[in-house]
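*Asks:* Given the sequences, and given the hints that come with them, work out the whole structure.
Position 158 of the sequence shown, counted from 1, bears residue number 158 in our numbering, the numbering being contiguous throughout.
Please note that the accuracy of each hint is not assured.
[What the hints assert, rightly or not] Here are the simulated lysine to any residue pairs, SDA-like style, with alpha carbons at most 20 Å apart:
| hint | residue 1 | residue 2 |
| --- | --- | --- |
| 1 | K435 | M409 |
| 2 | K643 | E689 |
| 3 | K49 | D191 |
| 4 | K621 | E554 |
[Said to hold, decoys possible] The following label-pair restraints were derived from C-beta to C-beta distances:
| hint | residue 1 | residue 2 | range |
| --- | --- | --- | --- |
| 5 | A705 | L340 | 25 to 31 Å |
| 6 | S44 | D436 | 45 to 51 Å |
| 7 | V256 | S44 | 29 to 35 Å |
Simulated from the structure, these hints should not be mistaken for laboratory data. Every residue gets a Cβ at the ideal spot worked out from N, C-alpha and C, and that includes glycine.
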Amino acid sequence: VLGLAAATGAGPLVLGRHTAPAETRVDESKLRQLPAPGELPPVSLPGFKYSHPRLPSPSQAYLAMFPSLSPESIRQARARAEGGRTDLEISILQEVIQPSSVDLATLHRRLMDLKFTWRGHEQGKPLAVAYDWLYSRWSDAQRAQLQGKLAEGCDYLIERIRKERLSPYNAILYNAPLQALMACSLALYGDDPRGEPIMRFTYDLWKNRVLPVWRQVMGHNGGWHEGGEYVGVGIGQAIYELPAMWRSATAEDLFVSEPGIRGFLDFLVYRRRPDGTDFRWGDASAFDKIVPDAPALALELRHAPAYSLRPPVHDGAPTGWPWGPLTDSTLNDPASFARLPLVRLFDGIGMLVARSDWSPDATYVTFKAGDNYWSHTHLDQGAFTIYKGGALATDSGLYGPTYGSDHHMNYTYQTIAHNVVTVTDPADTVPAPGKDKPRPIANDGGQRRVGSGWGVEAAPLDRTEWDAKRDIYHTAQLGPMLDQGGLAVAAADITPAYTNARSGDGTFSARARRVERFWRVFGYDRVDDVVVIFDQVTATAASFRKRWLLHTIEAPAMSADGFSVSVGAQDRPGHGGGRLEGKVLLPKDAVINPLGGRGFEFFVDDRNYDENGTLRELIGKLGSNGAEAGAWRIEVSPARDAKDDLFLVVLLPSGGDARPAHRVRLLELGDRVGCEIVGPNRTTRWWFEPGRNGAQIDIVSGPDAHHYLVSGPEEPLPTVGWLNRIRRLFIPDPRTLVRLGSPCGWHNLSRGCSATGFPVGNG
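*Replies:* This is the structure in structure tokens:
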């Protein structure tokens with residue numbers, strides 16, 4: 001054994017047990033930082049505007065109207081322009097609008113007295129605007145002093161960004177040290193020699209790191225990976241400000257050249273559910289918050305639907321920071337939504353969003369299968385949601401009660417809280433590296449633990465660093481989407497979310513090697529309101545229990561061939577009540593169990609993660625637009641252990657008290673399986689070939705027949721890590737050991753037991 005260990009470079013192996021490869025909590029102080037300004041090459045900015053103002057500012061036409069206005073009109077115009085600005089920024093704006101109305105000596109002293117603290121943006125942003133907008137009104141001595149202050153501010157911001165390794169994948173960079181650095185750097189460059197190295201850093205960060213990440217995450221169609229309110233407090237206050245400042249000073253127009261920026265507005269529109277709140281996805285506790293840059297970007301690109309999401313009350317008010325287009329009620333067009341496509345694929349994040357129409361009574365579905373971008377996302381590749389008259393198939397769990405709480409990390413963050421498949425190895429129990437000691441985390445049978453919160457990997461500094469760790473962050477690949485014939489269908493390979501080269505090497509993050517293949521086909525037929533889900537799952541060992549999950553708010557009812565769940569009506573738009581019927585066609589003789597109710601709402605690995613019973617009261621206080629934490633889930637498992645299993649489930653949403661009239665049956669022909677759905681408007685037949693990732697859909701409507709093919713990626717299986725291969729030679733398989741403490745055990749799960757190993761009915 002010692003000779004083998006030496007030959008392979010492995011540490012000592014002990015027969016009968018193993019020492020896991022070291023996986024310690026990441027120490028970011030020891031990781032590489034962005035290059036210092038002096039280490040970067042000079043920049044070339046041929047279109048740079050050396051005169052002032054360089055930053056976006058009030059137009060001459062806007063300023064020219066003030067002398068002709070009445071005092072009351074001036075007061076109203078100023079009030080609208082001053083909205084959301086700090087006292088210092090209001091003074092700057094007042095002097096721009098009404099010259100000589102502010103004591104410049106006092107304003108200069110206030111600027112020079114600024115102390116850079118925290119992230120530096122609260123001081124840097126007004127300082128840059130004051131220097132730039134009032135450039136001609138400062139004396140030479142005042143300008144020289146302000147240039148020194150700007151250089152000090154830039155150095156502070158650069159130090160914060162470098163030392164704290166602020167990442168373009170994470171909201172903190174955009175909240176808002178990057179905007180402050182951009183403003184200060186553009187204001188100072190060319191006026192003072194100290195501005196040249198500062199611009200080197202700003203240029204490198206913006207052009208070589210931030211924009212490549214935007215292109216990666218936003219893709220061609222827009223989108224962003226962080227959940228809920230993080231869109232507003234992060235990228236949502238940078239998506240207009242940064243390109244607008246850059247264009248104003250350099251003449252480079254990224255609004256024209258970057259399709260992902262325009263697509264971001266589509267993302268804001270499509271993430272809005274029929275009830276007017278944002279979809280539940282990722283770390284999020286608020287689903288109706290403003291996105292600060294949305295009005296300015298919508299005005300810039302004349303995007304009526306995005307502008308109409310939350311239209312400004314008054315016309316003529318500036319949007320954006322430091323200045324943006326004036327609000328314009330002619331862009332507010334609620335009818336514009338109906339002119340949008342009903343299906344949208346956000347390719348950068350692998351998110352498909354589809355709906356039956358744009359009314360509050362619409363069916364609304366999402367399906368996610370993409371890569372992991374570290375920040376505020378969950379382990380939920382392959383997950384779907386369904387909404388009609390209320391949340392039917394939900395993204396469960398609560399983002400709280402605090403970040404990193406037991407409920408957050410053991411339940412909400414993990415795969416168990418999402419509508420996907422888990423594959424459980426009872427021995428997958430390596431704890432997380434903690435700050436002081438290892439932290440046990442529930443064995444949910446889910447995906448590799450990737451991203452913020454786990455303490456294993458720091459946020460990638462740029463796309464290059466992400467690419468270098470692609471084996472960690474690559475979690476799914478979505479094939480081409482079919483959007484024809486009233487169908488939205490995509491096939492995905494979700495295997496990498498569960499398995500990479502290190503899986504099975506004994507690390508907490510890579511987890512045990514349990515999944516050799518997981519392909520999922522997701523389809524939505526909006527003509528007959530049908531969702532079809534087909535999964536091919538190959539486990540590493542037949543004994544690893546597979547669970548197909550669907551989460552609900554209310555208790556589901558079981559039937560001979562599936563399940564149903566309802567949500568009640570509420571007196572508000574989008575909440576007319578709804579029902580979801582599920583027909584489980586495969587596996588045959590499936591074990592279908594409901595799990596939930598008091599004491600089992602967030603049950604995983606023999607424990608209910610409800611923060612010692614306090615979550616129920618907290619959830620009750622969230623309000624109508626809060627999280628939909630859910631309280632139940634449906635678990636579908638094969639009746640017998642096998643490495644390879646197929647899942648085929650047809651889901652039928654309906655509104656109010658209506659019951660779907662569809663007839664659904666299993667199809668089998670040679671090597672193919674599928675389903676026939678006879679709906680109110682047409683008949684569809686969905687065919688799948690085990691071993692191939694894709695589908696054939698046949699549509700029959702009267703005398704007409706149409707055939708569609710969908711193909712998905714079929715990536716090679718991840719190789720077995722070297723340490724795992726060695727371990728298999730010497731260490732007994734822990735799965736041969738008996739697991740005690742469960743009345744039903746791990747094998748041959750009977751219909752009388754839930755997939756957790758606890759008797760049905762304990763909820």
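*Asks:* The structure should be examined with respect to each hint, and the outcome stated for every one.
*Replies:* Checked hints:
For the given pair, K435 sits about 15 Å from M409 by alpha-carbon distance, which is consistent with the 20 Å threshold. The suggested pairing of K643 with E689 holds, with an alpha-carbon distance near 17 Å, which does not exceed 20 Å. Note on K49 and D191: the hinted pairing holds, with a Cα-Cα distance of about 11 Å set against a maximum of 20 Å. Taking the CA atoms of K621 and E554, the gap is about 18 Å. The hint holds against a cut of 20 Å.
Range check, A705 to L340: about 29 Å between beta-carbon atoms, so the 25 to 31 Å window is met. Roughly 50 Å separates the CB atoms of S44 and D436, a value that falls within the hinted 45 to 51 Å. Judged by the Cβ atoms, the range 29 to 35 Å given for V256 and S44 is violated: they are separated by roughly 20 Å.
Checked against the numbered hints above, the structure breaks only hint 7 and satisfies the rest.
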